Amino acid sequence: MGKPNDLVQGTLDLLILKTISLEPMHGWAIAKRIEQTSDDVLRVQQGSLYPALHRLEQQAWITAAWGETETGRKAKVYSLTPDGRAQLEKELASWDRLSHAINLVARMA
Amino acid sequence: MRSADKLRLRLRTLFLRPRVEAELAAELSFHLDQMTDENIAAGMSAREARQAALRSFGGLTQIQERCREMRGTRIVDELTQDLRYAVRTLRMSPAFTIIAALSLALGIGANTAIFSLIHALLLRPLPGVHAPEQLVALGDPARTGSLSQGNVRTDLFSYPLYEQMRDHSQSFSGLAASGRSNRLVVGTEGANPPGGTETARGRIVSGNYFSVLGVPAFRGRTFTAAEDRVPGADPVVVISHSYWTRRFAQDSGVVGRPITLNGSPFTVIGIAPPEFTGDVVGFPTDIWIPLMMQLQVTTGRPYLDRWDTSWLLLLGRLKPGVSLPRAKAEMDTLVARAVTTFAGSKISREIMPDPQAMRVQATPGAAGFSSLRRQFAQPLLILMIIVGLVLVVACANVANLLLERAMGRQKEIAVRLSVGAGRPRLIRQLLTESLLLSGLGGVLGIVFALWAGPALLRLAGGSSSVALDLRPDLPVLAFTAALALFTGIAFGLAPARRATRVELASTLKENARSVVGSGKGAGRWPVAKLLVVGQFALSLLLLTCAGLFVRTLQNLERLELGVDRDHILMLRVDPVAAGYTGDRLMAFPAHFLERMQAIPGASAVTYSENGIFSGTESASDVILEGVNSGKTRENGVNLAYDRVGPDYFRSLRVPILLGRDIGPLDRVGAPRVAVVNEALAKRYFPGVSPLGRHLTALGPPDVVYEIVGVTHDVRDHELRGAVPPRFYTALAQSSEFASAFNVEIRTPEPGALVKTAREAVQAYDPSLAVNDIHPLNTLIDDSISHERLIAQLSAVFGLIALVLASIGLYGVVSYTISRRVNEIGIRMALGAQRNDVLSMVLRETMLLALAGVAVGLLLAIAATGLVNSLLFGLSGHDPVTLAAATAILVVVALLAGAIPGARATRVNPTQALRYG
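Same order as they appear, the protein sequences are chains H and R.
Just so we're aligned, residue 12 is where the first sequence starts under the numbering used here, counting upward by one.
Just so we're aligned, residue 1067 is where the second sequence starts under the numbering used here, counting upward by one.
What you were told as hints is all true, and nothing was included just to trick you.
Derived DSS-like pairs (lysine-lysine); straight-line CA-CA distance at most 30 Å:
{"no.": "1", "chain 1": "R", "residue 1": "1072", "chain 2": "H", "residue 2": "101"}
{"no.": "2", "chain 1": "R", "residue 1": "1595", "chain 2": "R", "residue 2": "1477"}
{"no.": "3", "chain 1": "H", "residue 1": "85", "chain 2": "R", "residue 2": "1072"}
{"no.": "4", "chain 1": "R", "residue 1": "1412", "chain 2": "R", "residue 2": "1394"}
{"no.": "5", "chain 1": "H", "residue 1": "43", "chain 2": "R", "residue 2": "1072"}
{"no.": "6", "chain 1": "H", "residue 1": "43", "chain 2": "H", "residue 2": "101"}
{"no.": "7", "chain 1": "H", "residue 1": "85", "chain 2": "H", "residue 2": "43"}
{"no.": "8", "chain 1": "H", "residue 1": "101", "chain 2": "H", "residue 2": "29"}
{"no.": "9", "chain 1": "H", "residue 1": "29", "chain 2": "H", "residue 2": "85"}
{"no.": "10", "chain 1": "H", "residue 1": "43", "chain 2": "H", "residue 2": "29"}
{"no.": "11", "chain 1": "H", "residue 1": "29", "chain 2": "R", "residue 2": "1072"}
Away from chain R, derived, C-beta distances all over 10 Å, residues of chain H:
{"no.": "12", "residue": "102"}
{"no.": "13", "residue": "106"}
{"no.": "14", "residue": "111"}
The hints are simulated quantities; they were obtained by calculation from the structure and are not laboratory data.
In this text, all values refer to a predicted model and were calculated from it rather than measured experimentally.
Glycine included, C-beta positions come from ideal geometry on N, C-alpha and C.
With the sequences and hints as input, model every part of the structure.
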């Protein structure tokens, strides 16, 4: 099982921002979506997810509203703000740079 | 937008806490439910599913806590908690709180008071002035009341020189001038001064003064350039808001009203705004008079067209982008050019300076001018260091009290640690307590400073009424707040760290104390002992300083002046200002002297131009026959001199060593005579009698005197240093009247004669104002007011430090003994006598005290070099002072040890062993 610690600090932010950039969703759905999309490689634990969500909200990159789920339950739904979109672009760019750099080193002939 | 959003969120988190918490709980429980549902879908039973979800979820509380942390309000929450807790604990031990807060208040208050004085005198920009940082002061900022005649100068400026600088300067958008005015006798109803003697402080200023400073009129108008054109043409004045209040009770009809100044008619055209008190710090101006009206308030003494009469200080406003050095360089060039241009025509050959050697002193002008700064800057800085050290001693005391308290709270702290409080959190909480204490001390300190500031000012000012605004303003409050914060951390951090380092197991056990004291508690002693040693060391340093300054003051006060200082009354009149001219003026000294000699109680009366300790002095280049007479006039020696009345030395009880006094027969027509002092005789006529030699004061015109007497040295103006060579001539033989006129009256009780003498002057001529009337000792005391200030204050602060240090030592010794009751009990059970116990306690006390004294002596020997320039008649390493300070500390240490020591001897061995 992938531990949250395995995620590079800040990468979780990237994953969350990217996930809700597609559509607003609540915490449970975000965790599920990340798991599914990564073919169960990345598992986000609640102990990391919620503090991260609150931090991102505090940064005004995401905003929360109470909505209803398909099952009719109330849930806190997060969506991306314009600032958050800009931040996502930044994080994507820096991720690309980082992974490219790591690849260069890892595949050194 | 974004920051507004953030702020909204923060505020929501802070103030809608229950809602935010509920939302968080709902959000997490939703997640938990979803997980449970998923587990059920995977085939678990409802109960299993729930448990599995809970397990994988981890600590719910921890997650909540971390979410709160992310919201960034945890610190605020905890701070509020800590603060509440701190208030509660401090209220639980009021004695500790009061002692700690008071000693901090004393330390912080003393620092605030001295700093507010430094701030008001040395640092604060002139109040009421627009953009004071753009101002440049030209000239020597200390010479606010000076007048220099006889040469062209640049530490003060003559009016013609100022005119040249003002009109040709490129660096300044405006250049204003201000100069001294004599005491003004103000009459408010036509030409008839009611009350007669009401005086005000005037300042003679250029027409652009208010516009350059950017000071608008509060009522009416201020001066304009129009008032700068024709001498005597614009008899108008602006008065200060405070004078308006004091003299006119804020009568709104004052603008346009006629008043008289020294008898000349003027009209009030405006009132300055309340905050503006002029350009001279410490002496607020009451009345501003245009430069062109100088002759009208200083009757008989025209300065405006004289290059050799320097009396103005200048304030320039820099044009944007011009630096101070550039402005100074321009002024140097301007002055040289002006002097060269007018050489020969307006500036005579005798007074012509070397144009290239003229340098203008330019300094930042934001803080205005002050004659007090030079005198008080160094004493105030030294006092600042002294009160800083007192605060350190006070901090050490509070730290010791806190350490002691921490020992009493070990169990509480152990409990809190064991139930999971983090050590950093506990340290923070203890620090909150000490910061609360220091904050309390700071607030009390400001109250203390509010009271102490004016008291200090009176002490420093002597008989001259120095007025400084000492109400704490923003910089002073910031200083105090910073000080409180700093002290809170300084005395709180070490005890807090120490207190939280407890061994849980042993502390929590009910009877953790071992038989011989507490092994665990012993760890605290090095800190507490070091603090006491430090306190004693600093106390010794402070007491030594105090001793040095007090002995300096005593040396100055007991110094032999050469005159009968206890029995002389000095008074100054100005017949020129009262309208005396020509023969009437020349006859004035003799006539006036006769009237003064008739005062009942006056045993002898004489007069002199410069007086004694009056602050005015004359000097002249002199050729002494047989000494430098063969040389050219450039080789004349510059000597101080005074022009005096008949029987001057006899009247002051100064012994004549050779020859005779200046006598009543030394008048116009008789050969001109001079008396020289011993210092002059010794220096220029070693081994020979100067009597009969000639002394030529270089003019124009040169005047030749015959030396007829040698007198004992007199300290005329300065207590410190060697008596300079000086000579005395007869004013009655001069063709020119004196620039000042001082009368010396010898009488058994000078203070008692003030009123009679004043009345006698009034009776002689009501228009003659008494400008100054003081017993000579008052004038001398004023001349050493900064020595008195520093001596008295350092003594007070030395004593405070001593008291604090002895409380510290007493506390530490008492505490050690209370921890060692059973040890002492065992010793006594084994046969130790009371004396043995007492001497054991005293030995340990003295060990601490002597260690402190030893360190203190080293400190004192190293540091007192800094104050050498302020000492008189002894060196910084004065053995008597060092020995006395050491002795005082040893005695105090013995007392501080003896009281708890005596208590220790009353320990009952049985009880100590049973219940210890």
